Amino acid sequence: MTFLEARAQVVGAIQHAWATMDDVRFAKALADPAQDVPFEDLKFDSLAAMEVCMELEERTDVEIDLADLVAHPSVNRLAEHLQSRSAAK
Amino acid sequence: MSTEESRPGSADGAGADAAVSFLTLHRDSARHEYFAQRPWPAPFFDRNLQSWIVLDPKDVAALLRMPVLRPGTAGVAAAHKEIERRYGLSFEALDSVFPHIPLCAHGEAHREPRRRMATMLARCRSEIVEGVDRCLDDVVARLEPGGEIELMNEVVGPLVRVVLGGLAGVSLREEDVQESVSIVFDRMIGTRKRQRIEQALRTLAERLRSSPDWDKTGEEEAAVLALFILGNDALAGTLGESLYQLFRTNAGSRMCDIAYPEIPNETGIPYVERVAEAAFAHDGRHFEAGTRLRVYLLPFAYAEEADRSDVFGVGAHTCLGKPLTIDVWRRLTARLAGLPLHVEVVDYEMRTDDYLFNVPARIMIRTWQ
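So the sequence lines, in the order shown, correspond to chains L and S. Everything in the first sequence is counted per this note's numbering, starting at 1 for the first residue and increasing by one. Everything in the second sequence is counted per this note's numbering, starting at 1 for the first residue and increasing by one.
If you are wondering where the hints come from, they were derived from the structure by calculation, not from laboratory data. This one's a predicted model, so the numbers in the text were calculated from it and none came from an experiment. Don't take each hint at face value.
Stated by the list, open to error - Pulled a few chain S residues facing chain L out of the computed Cβ check, cut under 8 angstroms:
{"#": "1", "residue": "Val20"}
{"#": "2", "residue": "Thr24"}
{"#": "3", "residue": "Ile189"}
{"#": "4", "residue": "Thr191"}
Unchecked claim - Pairs of lysine to aspartate or glutamate, EDC-like flavour, derived with a Cα cap of 20 angstroms:
{"#": "5", "chain 1": "L", "residue 1": "Lys89", "chain 2": "L", "residue 2": "Asp41"}
{"#": "6", "chain 1": "L", "residue 1": "Lys89", "chain 2": "S", "residue 2": "Asp353"}
{"#": "7", "chain 1": "L", "residue 1": "Lys89", "chain 2": "S", "residue 2": "Glu349"}
Even for Gly, the Cβ is constructed at its ideal location relative to N, Cα and C.
Taking the hints into account, I'd like the entire structure generated from these sequences.
Shown next as structure tokens:
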């Protein structure tokens, strides 16, 4: 999995969670790999964070914990983490 | 008190470092130096974890004795029920085991499972110790020729299996305890990992039932599985981390020349979480109900002024496996102290997908005459 592929999966999972959050303010930044989006800005609640983890696990077959979102607290950092986890499988 | 009033780097958090991530500090390569620093900072709030950080052994001991603070793990059973309900998943094995885990209860509800578990441990202790001695004969024979050996597979793993097998009343094979079921206590693991733990517990239960020595009822089986959850990573991590730290700091020494402490010098449980059931005060501070605290046990391992045995916790939720762990540690180190082999660590890696326990994935050592 390349970084861009991993990032696309992270963004897809966030957008999946956002389907229930009804918030598209960050859509442009999320679509642009040159931009990083801190999760703090997205203001996930614990349920949305759980949804992101579950969706990422579904999409990539890589285990993702809520703690991973805290340890890698932005779209690009989580994508890098996902990429390395995927490579380690 | 507002959470903004006290942070690392602020006056209240003097001695702490704002750049430190308390999510992973306990497993970071810099942890030995960090936890050896003085003075200890006063408790401070960590925004990332939304939790108070407690490092000073004096604060830790005082807070762990407060009945108003329940273990963070006391909510695990309810959390699984909620995940089951919300996402249509089933954690049947875990649901049957949680009532037998003392750490999943608090106050009056905690007394009975703790009493039951303490009785189970006491009943098996002398038999387990005999098993440990027999296991150590084999372990020492593996070490004696010298060369490279991986401690988690060749030393720690067999000892943990002897202890857990002794508690279950069966002989465990290596493949019986492959999966870490202990991390179910981590509130920040995802659903897939929870499902993997559930499956591992079911498989383990099937294996136990298929053993010719197995004679337990359903309730007793759940209690045995509870002991696996509580004991596996805690014991493996404590033994592994303690050996690693001793061999790391005594690189090149002969094993027989190392001063082995009576109490393990590291712990597999670097911290515990507590949640305030009601408002309370500590050291002049006011904490609201619902406040979450990450209370570090690791400093007890490094604080000469503190009682090192408190690394097993203090108060109502003190580790029930403490006497047995110390038994195993003393027997293991007594054997190592008889080996005139030089030792050094050549490779070490912490388990990578665990934010709760400190369990090495690999400790490769080299020994020579």
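Now the hints, each set against the structure:
{"no.": "1", "hint": "Val20", "in the structure": "violated (13 angstroms)"}
{"no.": "2", "hint": "Thr24", "in the structure": "holds (6 angstroms)"}
{"no.": "3", "hint": "Ile189", "in the structure": "holds (5 angstroms)"}
{"no.": "4", "hint": "Thr191", "in the structure": "holds (5 angstroms)"}
{"no.": "5", "hint": "L:Lys89 x L:Asp41", "in the structure": "violated (31 angstroms)"}
{"no.": "6", "hint": "L:Lys89 x S:Asp353", "in the structure": "holds (12 angstroms)"}
{"no.": "7", "hint": "L:Lys89 x S:Glu349", "in the structure": "holds (17 angstroms)"}
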